[in-house]
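Let's have the full structure, built from the sequences with the hints guiding it.
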Amino acid sequence: MSLRLFVSRDAGAIAVGADEVALALEQAASERGVAVEIVRTGSRGLYWLEPLVEVATPQGRIAFGPVTEADVPSLLDALASNTPHLLRIGATDEIPWLKRQTRLTFARCGVIDPRSLDDYRAHDGYKGLERALSLGSDAILTEVTASGLRGRGGAGFPTGIKWKTVAQAKADRKFIVCNADEGDSGTFADRMIMEGDPFLVIEGMTIAGLTVGATKGYIYIRSEYPHAVEAMDAAIVAARRGGHLGDKIGGSTYCFDLEVRVGAGAYVCGEETSLLESLEGRRGIVRAKPPLPAHHGLFGKPTVINNVLSFAAIPFILAEGAKAYADFGMGRSRGTMPIQLAGNIRHGGLFETAFGVTLGELVDDIGGGTFTGRPVRAVQVGGPLGAYFPRALFDTPFDYEAFAQRDGLIGHGGIVVFDDSVDMRRQARFAMEFCAVESCGKCTPCRIGSTRGVETIEKIINGERVSENLALVEDLCNTMKFGSLCALGGFTPYPVLSALKHFREDFIPAPTTLQAAE
Amino acid sequence: MTAVFEPWNETRGAEIITEHANLEGATLVILHALQEAFGYVPEAAIPMVAQALNLSRAEVHGVFTFYHDFRHKPAGRHVLKLCRAEACQAAGGDALAARAEAKLGVSLGNTTADDRVTLEPIYCLGLCATAPSAMLDGRLIGRLDQKRLDALVAEAQR
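Protein chains in written order, with this note's numbering: chain C, 9 to 526; chain F, 51 to 208.
No wet-lab data here; the hints were simulated from the structure. Keep in mind it's a predicted model, so treat the numbers as computed, not measured. By construction, the Cβ of each residue, glycine as well, lies at the ideal position given by its N, Cα and C atoms. Be a bit skeptical, because a hint or two may be false.
What the hints assert, rightly or not - In silico SDA-like pairs for lysine to any residue, Cα to Cα no more than 20 Å straight-line:
(1) Lys450(C) <-> Thr487(C)
(2) Lys450(C) <-> Gly112(F)
(3) Lys450(C) <-> His111(F)
As the list claims (entries may be wrong) - Among the chain F residues that face chain C by a calculated CB cut under 7 Å, a handful are:
(4) Leu190
(5) Gly192
(6) Arg193
Following this line, the structure appears as C-alpha cells:
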C-alpha cells in the first residue's frame, strides 16, 4: 500500500522549509522501500505548524507539524508502521483553529493539488461557472448583488453594482482585471489563494467576463510574489487545455481568456487606476475619478477591476446561491472575510470567518497573543494605511462600518500585532516614510506632505517643540486626507493619527528630574 | 544559486524587444524581459524600446525610473532582500536589518565594494505570519533570527 502524503508548496511554507521536508520524505521513503506519493498542496493557513505534513487515512487526513528535515526519518517510520509520533496533531479537520472557521473562499486551499484541474473539479470546482452559464447575465447580476459581496481589496464597494455598470456600458471591448498587487504588510490571502487554489480565481474572473460581456482578462500580480505568478500561469495553461478558457468555454458559445502581468515594485499600483495605468505600460500615476473604470477603464474601455478575494468569492455565490453567502456576516458586511493574522503573533495565519468577530477575539483568543510572549500593545489593521488600535478598542467587531466609526479600516483584512516593546513614534514616522517613497507624485499633499511629515515627526522624536509639532502633524494629516486623490495620501493619516490619539504617551517626553524637583 | 546574466548585446536586446512589442501595453513586460536577460536595463535599450513601441524616449525613461524593480546597473552576485514592512518590524526586523548592514558594511539599497552582495529592502514578501522574512537570490526564508541571518549573510558572501 502506498502512503499518500500532503506537503504545502505555499511560499510561506517553503520559507520555513517545506521543500526540504518534501525532499527528505521522498529520500527516506526510497531508502526504506516504502511507496509514497507526495502531493504538494497550498497551505491550510496554520503557519505556526508549517511545514505541515498530512497523511491520507480511511478516517481522513491526519496532520503532523511543524516538521523539520531532522524529524522526517522518525515520522516516516511512524507513518509506515502506524505508530504514534510526537508531532502528531490529529485529524486535520478537527484542529480547533481550522474547525472554528467558515471557509467558503478557502474551502479547497491546502486540500487540493493547485496544479490539477481534475482535483479542482473533483472538489466542486467550476460548479459556479456551470450555473452561471445556465443563468445568463441578468440573473448572475441579481445573485451577486443579493449576496451583498463588497470589494475585498479594501474599499468595500458593492461588487454587484460595479458589475452592473460595466454590463450596461456599450463598447466594442470590455475587460476584466484582477488586482493581485497585494502590497499591504500583514496580508497574504491573495498570495495564498493564487498559490493554493488558482482555478478559483480563474473561475471567478470567467464568470465576471460572462456577466459583463468581456472576453479578455488580466491578472496583475506583484513581482514580490514569484510563486503566485508561476501558479497562476500554470493554472491558466491547464484551464485552456481543459476547455475552461479560450473559445467555447464549457461547451458554450462564450469566449474568455486570461493573461498574467507582473508589477514592478510600486505599492501605489495596488490602487485601481494606478494599476490600470501600469497595465497600459505607463508610470503608475493615479487617475482622477470620474470617469470610473467601469466606464473608462483599461485602454479606455469599460472594465471590471476587483481584488483577488472578490473574484474568489464569486464561484461559491453562484454555485450555492446568494442567500447561502449572505446568511453569514453582520449589518452591511455580508459573507465571510479571510482575515490574516500576522506580525508578532503566536498563531499566525489565514482565518476565514463571518464578519462580526471582535478584534480582541482575533488577536488574543484565535491568534494566541504575541509570539514573544510579551503583552499585546498595538495592532495595525488594514495594512500600512490602516489605523493602530490599542487594547481599549478590542471590542470592535470586524465589519466595514464598525471600523470606520472608530477611525480605522479593515482594508484587505490584515492584522499586524505588536508587543509592548513597540515605539509608536517610529511607527508613525514609518507610515509617512512609506508614503513618501511610494507616492506616485500626482497630489501635492501626498508627495510633499509625507516628506514634511517625516521631518516633523523626527523633530517630535528629538523633543523639539513637541506640542507645536504635534499640532502641525495633525493639521498636515487633515490636508493629506482631504487633498489626495487616492488612498495612499488619503489614508496615510490613519496610522499616524491613531498612533497620536491612542498612544499619546509615546510622543510626550517624560518630565525631566529637574522639572520634577521644581 | 546565482543568476547568470548575458552581457549587453544590441542584437539580443532587439530580439527581446521584438518578441513582446505586439502586446498591448508592453512597456513593463519588455523592461522585465530585458532585466531578466541582462540583470539590469541598459541605458542603450531605452531608445530601442521607445522606437519599437512608438513612444518618446522620455516616456520610456519615465516608466523605467518610476518602478523600484528596474535596475540601472547590474546588482551584486547575490541579492539579499530583507522585508522591512510592518509585520516584520513587529517581529524584530529592525534589529536584523541593522545587523545585516553591519555585517556587510553597507546600508540597505547598496552593494558591497567587492560586488558580491547587494542588500535591499523589500516591502512585503507576504510571509507575514512567519515574520521576519528575507529572500536570497529568489529563495524565501521565514522566521529569520540572528543565527539564520548570519548564515544567509555568510552564504551570500561566499
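Here is what the structure says about each hint:
no., hint, verdict
1, Lys450(C) <-> Thr487(C), "holds (15 Å)"
2, Lys450(C) <-> Gly112(F), "holds (14 Å)"
3, Lys450(C) <-> His111(F), "holds (18 Å)"
4, Leu190, "holds (4 Å)"
5, Gly192, "holds (3 Å)"
6, Arg193, "holds (6 Å)"
Of the numbered hints listed earlier, not one is contradicted by the structure.
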